[in-house]
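Starting from the structure of chain A, add chains B and C where the hints point.
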Amino acid sequence: MKTIALGAAALCLAGSAFAAAGLDSRLASPETGFTLGGSLYRLIGGATEAVGDTLFLKAEFYYHGGVSADYENDDHSREGLVDARGARRAEPTDWIERLNRRVRAHAHYHLKRDEKKEMLPFFALAVRLDPKNVEAVLTSAYWLDREFKKPRDAADVLEKGMRDNPGSWEIPLRLAELRFREKNHAAVERLCREALGRAAGKDAERHHLIDLHFWFAESLHALGRPAEALSAYRSALGFYGDEEKSLLRDRISARVTELAPAAV
Amino acid sequence: MDLAIELKDVTVDYARGKRALDGLSLSVKKGTIFGFLGPNGAGKSTTVKAILGLLRPSSGSVRLNGLPADDPRSRRDVGYLPEEAHYYRFLTPLELLDFYGRVFGLSRVERRRRSEAVLDLVGLAAVAKRPIRTFSKGMAQKIGLAQALLNEPRTLVLDEPTSGLDPLARLELRALLLKLRSEGRTVFFSSHELSEVELLCDTAAILKDGKLLQQGTVAELEGGRGEESLERHFVRLVGGRPS
Amino acid sequence: MNAVFAVARLLVLEIFRKKDAYVAFLLMAVILVYAAGMDFYDERNVVRYLLELGLSLVFFFSVILTAALGARQVPAEREARTLPVLLAKPIRRSEFVAGKFLGTFLAGAAAFTLFYGFFLGVASFKGGVFSAATAGETYLAFLLNLWVLAAVASGLSYFLTSSAGLTLTVLVYFLMNTYGPALKAKAGPFLYFTLPHFEFFDLRQRLVHGWGGLPGDVWAALAAYAFLYALVPLSLGAWRFARENA
Chain A
1 MKTIALGAAA
11 LCLAGSAFAA
21 AGLDSRLASP
31 ETGFTLGGSL
41 YRLIGGATEA
51 VGDTLFLKAE
61 FYYHGGVSAD
71 YENDDHSREG
81 LVDARGARRA
91 EPTDWIERLN
101 RRVRAHAHYH
111 LKRDEKKEML
121 PFFALAVRLD
131 PKNVEAVLTS
141 AYWLDREFKK
151 PRDAADVLEK
161 GMRDNPGSWE
171 IPLRLAELRF
181 REKNHAAVER
191 LCREALGRAA
201 GKDAERHHLI
211 DLHFWFAESL
221 HALGRPAEAL
231 SAYRSALGFY
241 GDEEKSLLRD
251 RISARVTELA
261 PAAV
Chain B
265 MDLAIELKDV
275 TVDYARGKRA
285 LDGLSLSVKK
295 GTIFGFLGPN
305 GAGKSTTVKA
315 ILGLLRPSSG
325 SVRLNGLPAD
335 DPRSRRDVGY
345 LPEEAHYYRF
355 LTPLELLDFY
365 GRVFGLSRVE
375 RRRRSEAVLD
385 LVGLAAVAKR
395 PIRTFSKGMA
405 QKIGLAQALL
415 NEPRTLVLDE
425 PTSGLDPLAR
435 LELRALLLKL
445 RSEGRTVFFS
455 SHELSEVELL
465 CDTAAILKDG
475 KLLQQGTVAE
485 LEGGRGEESL
495 ERHFVRLVGG
505 RPS
Chain C
508 MNAVFAVARL
518 LVLEIFRKKD
528 AYVAFLLMAV
538 ILVYAAGMDF
548 YDERNVVRYL
558 LELGLSLVFF
568 FSVILTAALG
578 ARQVPAEREA
588 RTLPVLLAKP
598 IRRSEFVAGK
608 FLGTFLAGAA
618 AFTLFYGFFL
628 GVASFKGGVF
638 SAATAGETYL
648 AFLLNLWVLA
658 AVASGLSYFL
668 TSSAGLTLTV
678 LVYFLMNTYG
688 PALKAKAGPF
698 LYFTLPHFEF
708 FDLRQRLVHG
718 WGGLPGDVWA
728 ALAAYAFLYA
738 LVPLSLGAWR
748 FARENA
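Chains A, B and C, in that order, are what the protein sequence lines are.
So the first sequence is residues 1 to 264, counted in the numbering used here.
So the second sequence is residues 265 to 507, counted in the numbering used here.
So the third sequence is residues 508 to 753, counted in the numbering used here.
Any given hint could be a false lead.
Derived pair list, reagent style DSS-like, types lysine-lysine, alpha-carbon separation capped at 25 Å [said to hold, decoys possible]:
1) C:LYS633 with A:LYS150
2) A:LYS112 with C:LYS525
3) B:LYS272 with B:LYS393
4) B:LYS401 with C:LYS525
Don't read these hints as lab results, they were simulated from the structure.
Nothing here was measured: the structure is a model prediction, and the numbers come from that model.
Looking at chain A on its own, in the form it has when it is part of the complex (with noise of 0.2 Å):
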């Protein structure tokens, strides 16, 4: 009897383990995560969200090398936690904790080069598990792309989060911002319409609209359109102030400049 109670308990034990290691071997390959989620909803149901947004946050834990940073401001060059204003952590109250303190780690670290590969799991545990987490989704795409040099990945899960966010203009913003290095303008053309129709009244920061439009532009010049890229310039323009200088708006500027003429 107890054995079967403790196999009954390994099993779902098991079948956590295996939501939670998201138990597919073509786990790169977005086109399957629905599939998996399909399966893993009828074992635990929405847990699975649950258990998506642990593993983004594990993301983060194993960033720090195991250590819980809750401290913003750390200083970074010291063994214990001091922060920014130079406050020292409390001293510990009685042995117990002066001996979990021992036991744990407690320093302040950060995976170096090669280490960071180390999260990748959880990044794409998170996405596949909680795809409508749009944070964990820009987060693992930004990761993949600018830590990992894995553009295409990068690609394909910004791809799936558009499609589990028709809500989310960042995602498409992002996977515009790839594209454009790429060069694929006709996609980057395709994207920043699809952004700035999801983006349209909501409140979408300044720099990332000035970058869409700016994006925007540029594929509609590449693609031998100049009068629509030259609106598309005068809209980013629109949003800096009179004073303002950036090099983004000088060279906005130029554009400007350079088409004007043409488009009359």
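Okay, now just chains B and C, sitting in the frame of chain A:
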């Protein structure tokens, strides 16, 4: 000292005010077979437990082989067969005896020798390596006897040993007990079976409601009222109607 | 001492005869091997997730097996009526208590060693690079953990039924591992200072994230805590058992 077992004014009170033994005094000489009789609930099993140190009397003293019963050394030369015993079902008879042999402090060679000898004696040699969980009730009783004899005890304490045995097995057991007595060992057994007591015992005692009614030789127990049989004497003492 | 070791040996036999350990091992092995086969964006030697998952499984199953074994000992002996036969032998009650505890610990440690060895093999095969010294320390620390766990489960078995004892032991274990350091603030000093701080012996963070081993004085403190704390539930169990009729 020629007493194997000695109880002096032993009282055992259980919870909720139940008195199981009430000032019980009895003694068992070495090298004899002692029968302990009483109806159900008389306190026979409680007496056996007190002798073996399995419970602590509320008052009085119990000595086993000259030592206080709660001293584990008193049980070094004692074998015990409970009325209904169960043994670790995941073990084989050899493993069970090996385990008890270790508790007795026997060497590996000695454990092996004695285990094989007692298994042979009780007729379980052929199944020595079969798990006990596959055994029948009769075979389990034999295991019980084997473990009781493992340490070649000077004193054997048996609680209803013939319970559940077929007539042939009872004959074998009777022969064994007589043999043990001839070797100078002491046997103390509680029983319902008056015929067994009549056949085997040198002395006997009759218990009722935790009190000792009578102790003596079987002849004394029978002869005190002429040619009355032990059964009639017993029934009259414990308050039943003789047939 | 013969009796103590004889009783302890019986428990080691029991854990492997009764199949529980094999069921746990099989489940753990299946999960680990499958997890080890997972690929993440074609990146090689991604292994920390496996270390963490593997250690969690090894710890979990070892805790359950050890607690279950310890918690059922005395209730099972009472129910099966094997106790009077054993206590009618020349064994002290204290030897019985010591033997049950030692056997629980040794049996749990044997199962844990098997699981841990398999886990290290899988992790190494996956290409995991981790400190052998820290792996050794993680192993030893968890043995101390099992020492305390065995004492708690064994001690409770003199007071509770096997399921109640198991439930309470496992509950305390996971409670302390999750909230141990914060228990004083959450539940007050009494529980904080009386419940066993199992989190002391959890070196997973150090092994998984490469933080290295512990200094000698911390080891001394952990060992002292484990050995001294274990005496508490065992003494209580022995006290209770000494007053019990078999």
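So, going through the hints one by one against the coordinates:
| no. | hint | result |
| --- | --- | --- |
| 1 | C:LYS633 with A:LYS150 | 22 Å, holds |
| 2 | A:LYS112 with C:LYS525 | 47 Å, violated |
| 3 | B:LYS272 with B:LYS393 | 44 Å, violated |
| 4 | B:LYS401 with C:LYS525 | 22 Å, holds |
Consistency note: the structure conflicts with the earlier hints numbered 2 and 3.
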